[in-house]
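Under the numbering used here, the final residue of the sequence shown carries the number 118; numbering is consecutive throughout.
Derived from the structure by calculation, the hints contain no laboratory data.
Accuracy of the hints is not assured; some may be wrong.
[As the list claims (entries may be wrong)] Now the in silico label distances, taken between C-beta atoms and shown as ranges:
1) 24 <-> 102: 17 to 25 Å
2) 6 <-> 55: 18 to 26 Å
3) 64 <-> 4: 26 to 34 Å
4) 16 <-> 51: 23 to 31 Å
5) 82 <-> 102: 34 to 42 Å
6) 69 <-> 45: 17 to 25 Å
The beta-carbon is built from N, C-alpha and C at its ideal position, and this holds for glycine as well.
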Amino acid sequence: VQLQASGGGLVQAGGSLTLSCAASGSSFSAYGVNWYRQPPEQQRERVASISSGGEINYDDLAKGRFTISRDNAKNTVPLQMNNLKPEDTAVYYCNARGLLSGRWYIYWGQGTQVTVSS
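The whole structure should be built from the sequences, with the hints applied where relevant.
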């Protein structure tokens, strides 16, 4: 599985962006997908996750503002971000994690930069 994150950019506070995590390879539907972000000079933190079965979890920073979903037919996991704040400025990464044939597989995509101006 190869992951490609896209959709980042520069947006004003209060604005919206939709990031996309696109996967190539087989069995993508068997993977849970997580969105992480890494603000400048800070550690990477998880933002939201969606399991292979569609169960969704959000970190507190994302609740009420971000929406994660998945389209297994298109092999994509969008992250819609509304009411963006300057503190949302970070490089956003997607990660796929799955247990196949008794072995865990974990893949990371390259990041996409989100910058929120005040």
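Evaluation of the provided hints:
| no. | hint | verdict |
| --- | --- | --- |
| 1 | 24 <-> 102: 17 to 25 Å | 24 Å, holds |
| 2 | 6 <-> 55: 18 to 26 Å | 25 Å, holds |
| 3 | 64 <-> 4: 26 to 34 Å | 28 Å, holds |
| 4 | 16 <-> 51: 23 to 31 Å | 25 Å, holds |
| 5 | 82 <-> 102: 34 to 42 Å | 40 Å, holds |
| 6 | 69 <-> 45: 17 to 25 Å | 20 Å, holds |
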